[in-house]
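Number of protein chains: 2
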Amino acid sequence: MTDIGLAERPHEILRVGQGFDLAAVDPDSTPGFDGAKEDGSRLLAEYDQHLSDLQERLFAASRAGAQDALLLVLQGMDTAGKGGIVRHVIGVVDPQGVQHHAFKQPAGEEVMHDFLWRVAAHLPGYGMIGCFDRSHYEDVLIHRVRKLSPVAEIEARYDLINGFEYRLAGGGMRIVKVMLHISREEGKARLQERLDRPDKHWKYNPGDVDERQFWDQYMQAYQIALERTSTAYAPWYVVPANKKWYARLAVQQLLLNALQQIDPQWPVPLFDVEVEKKRLAGS
Amino acid sequence: MTDIGLAERPHEILRVGQGFDLAAVDPDSTPGFDGAKEDGSRLLAEYDQHLSDLQERLFAASRAGAQDALLLVLQGMDTAGKGGIVRHVIGVVDPQGVQHHAFKQPAGEEVMHDFLWRVAAHLPGYGMIGCFDRSHYEDVLIHRVRKLSPVAEIEARYDLINGFEYRLAGGGMRIVKVMLHISREEGKARLQERLDRPDKHWKYNPGDVDERQFWDQYMQAYQIALERTSTAYAPWYVVPANKKWYARLAVQQLLLNALQQIDPQWPVPLFDVEVEKKRLAGS
Chain A
1 MTDIGLAERP HEILRVGQGF DLAAVDPDST PGFDGAKEDG SRLLAEYDQH
51 LSDLQERLFA ASRAGAQDAL LLVLQGMDTA GKGGIVRHVI GVVDPQGVQH
101 HAFKQPAGEE VMHDFLWRVA AHLPGYGMIG CFDRSHYEDV LIHRVRKLSP
151 VAEIEARYDL INGFEYRLAG GGMRIVKVML HISREEGKAR LQERLDRPDK
201 HWKYNPGDVD ERQFWDQYMQ AYQIALERTS TAYAPWYVVP ANKKWYARLA
251 VQQLLLNALQ QIDPQWPVPL FDVEVEKKRL AGS
Chain B
1 MTDIGLAERP HEILRVGQGF DLAAVDPDST PGFDGAKEDG SRLLAEYDQH
51 LSDLQERLFA ASRAGAQDAL LLVLQGMDTA GKGGIVRHVI GVVDPQGVQH
101 HAFKQPAGEE VMHDFLWRVA AHLPGYGMIG CFDRSHYEDV LIHRVRKLSP
151 VAEIEARYDL INGFEYRLAG GGMRIVKVML HISREEGKAR LQERLDRPDK
201 HWKYNPGDVD ERQFWDQYMQ AYQIALERTS TAYAPWYVVP ANKKWYARLA
251 VQQLLLNALQ QIDPQWPVPL FDVEVEKKRL AGS
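Going line by line, the protein sequences match chains A and B. Under our numbering, think of the first position of the first sequence as 1, with each following residue one higher. Under our numbering, think of the first position of the second sequence as 1, with each following residue one higher.
Identical copies carry no separate label here, and so any pair may be met within one copy or between two of them.
With a straight-line Cα cutoff of 25 Å, these simulated SDA-like cross-link-like pairs (lysine to any residue) come out:
1. K243 x Q49
2. K244 x Q49
3. K243 x G83
4. K277 x H201
5. K244 x D94
6. K243 x S52
7. K278 x E211
8. K147 x G108
9. K104 x P267
10. K104 x Q265
11. K203 x Q99
12. K203 x Q217
13. K188 x R134
What the hints contain is simulated information worked out from the structure, not anything from laboratory work.
Start from the sequences, fold in the hints, and give me the full structure.
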């Protein structure tokens, strides 16, 4: 057990580096964690306050001019648990400090610009935690699998993405990109649950079954995207996600690590505290 | 004890109606609730899940075309606890279903439009809970007290606001307007705390003490605004807020009531569940 309660640190062992092979990642595994579900859930709850505190510091520091922000990019197949991460991990911090956006199929003004334009419009400001449920990566994932753009254009996008993220990182943004990795069978079981429960029907889309036919092609598209866009300034992490409790714990720890790297400080007041105490007393 | 755990229902007893007198509201009081702080906090926690469930239903129903949204407008003097409501009441629901916006002094493009323009830009979509930390009411509050607009213009704004809110209500928005009412002395104590604690310094602004000189004028401006803009379609509630736990419980109950009025239903699937189960099984 280290200071974060895991035998090994998620930001080290889950990171996509040289020679990464998606097919070698077991979606059932829980890297760095030997405990059971109850232990994982307990640990998640224990670190909630820590995450919440760091978020408040991040926000406070920005009021005094600190130029730091955190962006979590969530990708994964249907039912991979993106929404659960938002609800159970991001959901514990003050809503005032979170900018969440779910990217759907582009429409209206969005299609009148390059593919990064709509992403730029939703970036978190300084002091904020941004959370993207899907992202500009759809433009190299579903676009590749379903041939929505010419191959040459998709090929160009990896560099465009890297350039874009490099600029953001240079401007003070910590970028944490997460692929929630479930197995095809787990995806099936989760869709089955959506069909079995009337309060889940609204989450089911018949198109989800069609998309399952392309599972292998999606995995290939992910492999290429992960290889080509996992950078020092915007690394990818592949989080085994068949066990929801593990995925939540891992993403929480990735965020904690990123915030610890920022190490936001309570700002030094720009006013004289003693003078203000006297003024307040007389008011 | 009624079904909501309070002797009387906040949406009835806190509502601003005919002959309302702000000066007669005791900021220390806890209308409809005889219990102690511990009881109030326990009750708040008990109803968290209820609020969270109703929010999910609201969101789900909108995916099937239901045209309902909820807007909470929070007003109050500095330190009244607006941020605490966002954190502790709104904060329990899924961040994906919340649109929060804190309105500051208008700047940039905002001042190139009428005072309602920027408000319109941040309205919650169908299925969402919107939360305004300050709002268009600043244009009849600080504008009146600090003479930022001609009196004739301010006078015209009450009707403009009512017309605007009438339109929103007609479009399916439930509007819950809350004034968090603290006493001048409580405001002083809370500013004192911000000066005493280094981790609170960032929340302190020397201008807050200047604003205290105008406390009585602010109360007059509130009285006028409450009288003239508490309508059947967008009522005001004055919530005694010297006790933070009470204010949070009361606002939570107001939101629960509004959501119960909407009564959102899980949508009926537009697909044939049995057909989809067969398709999924074969995928």
